[in-house]
Amino acid sequence: MDLASIVDSIQASGVGEWMRSSVKAMPIVEAIHVMAAATVFGTVLVVDLRLLGFPSTQRPFTRVSDELLKWTWAAFVVALITGGLMFAANAHTYYVNTAFRLKMLALLGAGLNMAVFHTVTCRTVRAWDQGVPAPLAGRLAGAASILIWVTLIFLARWIGFTKGYDFDVPQDVNLDFTF
Amino acid sequence: MRELAEWLQGTSFSVTIQSVSWVVPLLQSIHIVTIGVVFVSSFMIALRVLGRIRTDEPFAAVWGQFSPWLWGGLGVMAVTGGLLVVGEPVREATSLSFWMKMILLVVAVAGTALFGRSLAAAARVEFPSGAKGAAVALLVLWIAIIFLGRAIAYDVEVWGPLSPSA
Numbered sequence: 001m002d003l004a005s006i007v008d009s010i011q012a013s014g015v016g017e018w019m020r021s022s023v024k025a026m027p028i029v030e031a032i033h034v035m036a037a038a039t040v041f042g043t044v045l046v047v048d049l050r051l052l053g054f055p056s057t058q059r060p061f062t063r064v065s066d067e068l069l070k071w072t073w074a075a076f077v078v079a080l081i082t083g084g085l086m087f088a089a090n091a092h093t094y095y096v097n098t099a100f101r102l103k104m105l106a107l108l109g110a111g112l113n114m115a116v117f118h119t120v121t122c123r124t125v126r127a128w129d130q131g132v133p134a135p136l137a138g139r140l141a142g143a144a145s146i147l148i149w150v151t152l153i154f155l156a157r158w159i160g161f162t163k164g165y166d167f168d169v170p171q172d173v174n175l176d177f178t179f
Numbered sequence: 001m002r003e004l005a006e007w008l009q010g011t012s013f014s015v016t017i018q019s020v021s022w023v024v025p026l027l028q029s030i031h032i033v034t035i036g037v038v039f040v041s042s043f044m045i046a047l048r049v050l051g052r053i054r055t056d057e058p059f060a061a062v063w064g065q066f067s068p069w070l071w072g073g074l075g076v077m078a079v080t081g082g083l084l085v086v087g088e089p090v091r092e093a094t095s096l097s098f099w100m101k102m103i104l105l106v107v108a109v110a111g112t113a114l115f116g117r118s119l120a121a122a123a124r125v126e127f128p129s130g131a132k133g134a135a136v137a138l139l140v141l142w143i144a145i146i147f148l149g150r151a152i153a154y155d156v157e158v159w160g161p162l163s164p165s166a
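For the record, the sequence lines run as chains E and G.
Residue numbers 1 to 179, in this note's numbering, belong to the letters of the first sequence in order.
Residue numbers 1 to 166, in this note's numbering, belong to the letters of the second sequence in order.
Among these hints, one or two may not hold up.
[Claimed, not checked] Partner residues are not named here, just some residues of chain E that face chain G (Cβ under 10 Å, in silico):
1) Ile-28
2) Ala-38
3) Gly-42
4) Arg-63
5) Glu-67
6) Gly-160
[Unchecked claim] Here are some chain E residues pointing at chain G (derived, C-beta under 10 Å):
7) Thr-39
8) Phe-41
9) Trp-149
10) Ile-153
Don't read these hints as lab results, they were simulated from the structure.
Where is the CB? At the ideal position from N, CA and C, for every residue including glycine.
For reference, chain E alone in the conformation it holds in the complex (with noise of 0.2 Å):
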């Protein structure tokens, strides 16, 4: 099964199906989205600025990531839980998008980063955890992620004015109805 009919079947499974016809599914998951999205950006880089020396190293980084690292992990598992609903909903026309190839471009170069980061910058993270500078490739890694990380949400964005379609109200659908 090639990448293309996973994409299609995705589409038109029970799940894809309630996201296009339900009238208040869209919005409400993509305000979630949002929400989950605002979370993983603003404590990652609250620990990518730690990383930097922002505001200082008096505070150990260690500290700092465990106390925020949490949420957001949290925060992208919602992330991406109602990210895959608003896929199913066009499966297709996410597919073939190229923002959101991008996008998922910049999450992996995001995973990445961090991987690279933890298994191996952080192994000497003793010396430099509190009140000197993160090493050259630390600080790289928080520059990185910053920069990864805004980028993606601009794509993020930028997905809604390419995709080629208004998701509108189906037609003949009762507005009333409750959700």
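For chain E, the structure is supplied; the task is to place chain G on it using the hints.
Relative to chain E, chain G alone:
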């Protein structure tokens, strides 16, 4: 109000925002990136009040670190949001979500300013349940504001006959 919005929509500044294809997505992208800054700043402040993070630091230190990001971010959002309104004044003026968002925004900004300043002055390490409740309430307000922001594009779908544009 509708006449005002229609006049604004006809001004050349508004027409420029409407007609240059990348302006609206760019403004919306900056607006969303800044939601992350503002929302997580208020989240950090709330988590400190709840005693979930940075309990080794006084509240004033956490407030001092995150409130400038909160106010700065809100300033950026006022500019990008304001330009988006100029670009689509009729859609905003006839949107229930937009007006509810503006009302809640005033409440959230005033509430955060009063709450943060009084708690920073109180110099406590541990907060009573009233303060914790207020911290959660402010967070819920910001969540409602984000929801309403997204709902502007779906006003009829979300509010049905209650929407002025229905």
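Do the hints match the structure? See the list:
{"no.": "1", "hint": "Ile-28", "verdict": "holds, 8 Å"}
{"no.": "2", "hint": "Ala-38", "verdict": "holds, 4 Å"}
{"no.": "3", "hint": "Gly-42", "verdict": "holds, 3 Å"}
{"no.": "4", "hint": "Arg-63", "verdict": "holds, 9 Å"}
{"no.": "5", "hint": "Glu-67", "verdict": "holds, 5 Å"}
{"no.": "6", "hint": "Gly-160", "verdict": "holds, 8 Å"}
{"no.": "7", "hint": "Thr-39", "verdict": "holds, 6 Å"}
{"no.": "8", "hint": "Phe-41", "verdict": "holds, 4 Å"}
{"no.": "9", "hint": "Trp-149", "verdict": "holds, 8 Å"}
{"no.": "10", "hint": "Ile-153", "verdict": "holds, 5 Å"}
When the structure is compared with the earlier hints, no violation turns up for any of them.
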